[in-house]
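UniProt numbering applies: residue 1 is where the sequence shown begins, and numbers increase by one.
FYI, nobody ran anything at the bench for these hints, they're computed from the structure.
Fair warning: there could be bad hints in the mix.
Unchecked claim - Here are the computed lysine-lysine pairs in the DSS-like style, where the Cα-Cα straight-line distance is at most 25 Å:
(1) Lys48 x Lys145
(2) Lys178 x Lys382
(3) Lys178 x Lys145
(4) Lys51 x Lys145
Said to hold, decoys possible - Simulated DEER-style distance windows between Cβ atoms:
(5) Ser384 x Lys51: 52 to 58 Å
(6) Lys145 x Ser203: 18 to 24 Å
(7) Ser142 x Asp36: 36 to 42 Å
(8) Lys145 x Glu370: 20 to 26 Å
(9) Ala37 x Glu149: 36 to 42 Å
(10) Asp36 x Ser384: 39 to 45 Å
(11) Arg386 x Cys69: 31 to 37 Å
(12) Arg386 x Arg28: 24 to 30 Å
(13) Asp290 x Arg386: 33 to 39 Å
(14) Lys51 x Ala368: 36 to 42 Å
(15) Pro361 x Ala236: 24 to 30 Å
(16) Ala62 x Pro9: 42 to 48 Å
(17) Arg373 x Ser203: 36 to 42 Å
Please read these numbers as outputs of a predicted model, since none were measured by experiment.
For each residue, glycine too, the CB sits at the ideal point set by N, CA and C.
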Amino acid sequence: MFGYSDRLPALREAVRRFVEEEAIPRERPALAHDLDALEAAVHSLRAKAMKAGIYGPQLPVAWGGLGLCWRDRSVVLEEAGRSFLAPLAMNCAPPDQPNMINLLAEGTPAQQQRYLVPLARGEARSCFAMTEPEPGAGSDPSMLKTVAERRPGGWVINGRKWFISGAVGAAFALVLAKTGEGATIFIVDAGNPGYRVVRNIASIDGFQIGGHGEIELQDCFVDDGAVLGEAGRGFAQAQARLEPARLSHCMRFIGRASRAMALAQDYANRRHSFGQPLAQLQQVQAMVADSHIDLHAARLMTWHAAAKLDAKQSIKHESAMVKVFVSEAVGRVADRAAQIMGALGMSEDSPVSMILREMRPFRVYDGASEVHRSTLARRILKESLRP
1 MFGYSDRLPA LREAVRRFVE EEAIPRERPA LAHDLDALEA AVHSLRAKAM KAGIYGPQLP
61 VAWGGLGLCW RDRSVVLEEA GRSFLAPLAM NCAPPDQPNM INLLAEGTPA QQQRYLVPLA
121 RGEARSCFAM TEPEPGAGSD PSMLKTVAER RPGGWVINGR KWFISGAVGA AFALVLAKTG
181 EGATIFIVDA GNPGYRVVRN IASIDGFQIG GHGEIELQDC FVDDGAVLGE AGRGFAQAQA
241 RLEPARLSHC MRFIGRASRA MALAQDYANR RHSFGQPLAQ LQQVQAMVAD SHIDLHAARL
301 MTWHAAAKLD AKQSIKHESA MVKVFVSEAV GRVADRAAQI MGALGMSEDS PVSMILREMR
361 PFRVYDGASE VHRSTLARRI LKESLRP
C-alpha cells in the first residue's frame with residue numbers, strides 16, 4: 001500500500017533479530033547516564049550491526065549504508081527504536097544521522113572527506129549546536145545570540161550553547177551563528193582552542209550518547225573552509241535537517257512505545273488482582289485498546305509523510321503535524337504502560353520507566369508542540385483567506 005521494497009521483510013527480520021539477540025540483552029539501567037560505558041557498549045555492537053547487514057539504513061550505498069527509501073526506513077527505524085542501543089549501533093540516531101543529511105547536501109568534497117567519512121563509518125561522533133541559554137535561541141531560532149565575525153582568512157565565533165545532544169566526546173560540531181550575511185553554519189573541530197565543552201547537563205532522559213552538553217565558544221577562530229554551504233543560509237540548512245529528523249524521531253519512538261505496551265500486555269496477562277488477571281479488567285483493556293489506536297494512527301501519519309519525502313514533495317506542513325501528534329501519542333502509550341504495570345512500571349526493574357522518561361522531552365525536542373501548533377494554525381488560517 002505504501003510501496004515498500006521487496007527486500008524490506010528480510011531486512012526487518014534481521015533488525016528484529018539484532019534487537020532481540022544483541023541490543024536488548026546489553027541494556028542495563030546503569031548505561032543510561034554513564035557516557036563512557038554507553039559509548040563502549042555502542043562500539044561493541046556496531047561491528048555486529050555491520051556484520052548483520054543492517055548498518056546505516058539512511059546512508060547512501062556509496063557511503064557504506066543501505067540506501068533505503070523513506071518508506072522502508074520508517075519500518076526499519078521503528079524496529080531499531082524498540083531498543084535504546086540499536087539505533088546508535090546502526091548509526092541511525094541523532095545527532096549524527098541528521099548531521100549526515102547536512103554534510104551530504106551541503107558539504108564540499110574536502111568537508112565530506114574530513115568529516116562525513118569518519119561519521120559514516122562510525123569512527124567519530126558529532127553534535128549540532130543551535131540551542132542557547134536565555135535569552136538566546138531555542139524554539140525561536142531567530143533569537144540567535146552566538147556571533148561570527150569575519151577576520152582575514154576566516155571567522156571568529158563567540159557565544160554559548162547548551163542542551164547540545166552528543167556534545168561530550170564529539171569530534172566536531174555544526175555551530176549555528178549570526179553573521180553579516182545572516183545565520184550561518186560552521187564546522188568547528190572539538191580540538192579548536194576556542195571551543196570548550198563546559199559540562200554535561202543531567203536530563204530526565206537517558207541513553208543519549210555524548211549526553212547533553214553546554215559549549216562555550218570564546219574567540220574561536222575557524223578558516224573560510226569551515227562554512228557549511230554558503231554564509232547566510234543557516235536557517236534554511238537547519239530546516240532541511242529538522243523536517244526529516246523529526247520524522248526519524250517519530251519512527252524510533254513509535255518502536256520504543258510499542259515495546260513498552262508489549263511489556264505491559266505481558267504483565268497484564270500474568271498478574272492477578274482481585275481474583276482475576278489484570279487483562280480481564282475493562283479499565284486495563286481500555287488502556288491497551290487506546291494505546292494501539294494511538295500507535296496505529298502514529299504509524300499511518302509517519303508513513304504518509306515518508307511517502308511524500310520519497311516523492312520529493314515538501315513535508316513542511318505534515319512534519320509539524322506528525323511531530324505534534326506522535327510525540328504526544330507515544331507519551332500516552334508509555335504512560336499507560338507504566339500505569340498498567342504499577343510499581344514495576346515506575347522502577348528500573350523494567351525498561352518501561354526509562355521509556356516513559358524518554359517520551360516526555362520529545363514534546364520539547366525539535367520544536368515544542370505549542371510552537372508547531374501555532375505555526376500550523378497561522379499557515380492554515382492564511383490559506384483560508386485566499387479566494
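Hints versus structure:
no.	hint	in the structure
1	Lys48 x Lys145	43 Å, violated
2	Lys178 x Lys382	30 Å, violated
3	Lys178 x Lys145	7 Å, holds
4	Lys51 x Lys145	45 Å, violated
5	Ser384 x Lys51: 52 to 58 Å	54 Å, holds
6	Lys145 x Ser203: 18 to 24 Å	22 Å, holds
7	Ser142 x Asp36: 36 to 42 Å	37 Å, holds
8	Lys145 x Glu370: 20 to 26 Å	22 Å, holds
9	Ala37 x Glu149: 36 to 42 Å	41 Å, holds
10	Asp36 x Ser384: 39 to 45 Å	54 Å, violated
11	Arg386 x Cys69: 31 to 37 Å	33 Å, holds
12	Arg386 x Arg28: 24 to 30 Å	56 Å, violated
13	Asp290 x Arg386: 33 to 39 Å	38 Å, holds
14	Lys51 x Ala368: 36 to 42 Å	40 Å, holds
15	Pro361 x Ala236: 24 to 30 Å	26 Å, holds
16	Ala62 x Pro9: 42 to 48 Å	25 Å, violated
17	Arg373 x Ser203: 36 to 42 Å	24 Å, violated
Checked against the numbered hints listed earlier, the structure breaks hints 1, 2, 4, 10, 12, 16 and 17; every other hint is satisfied.
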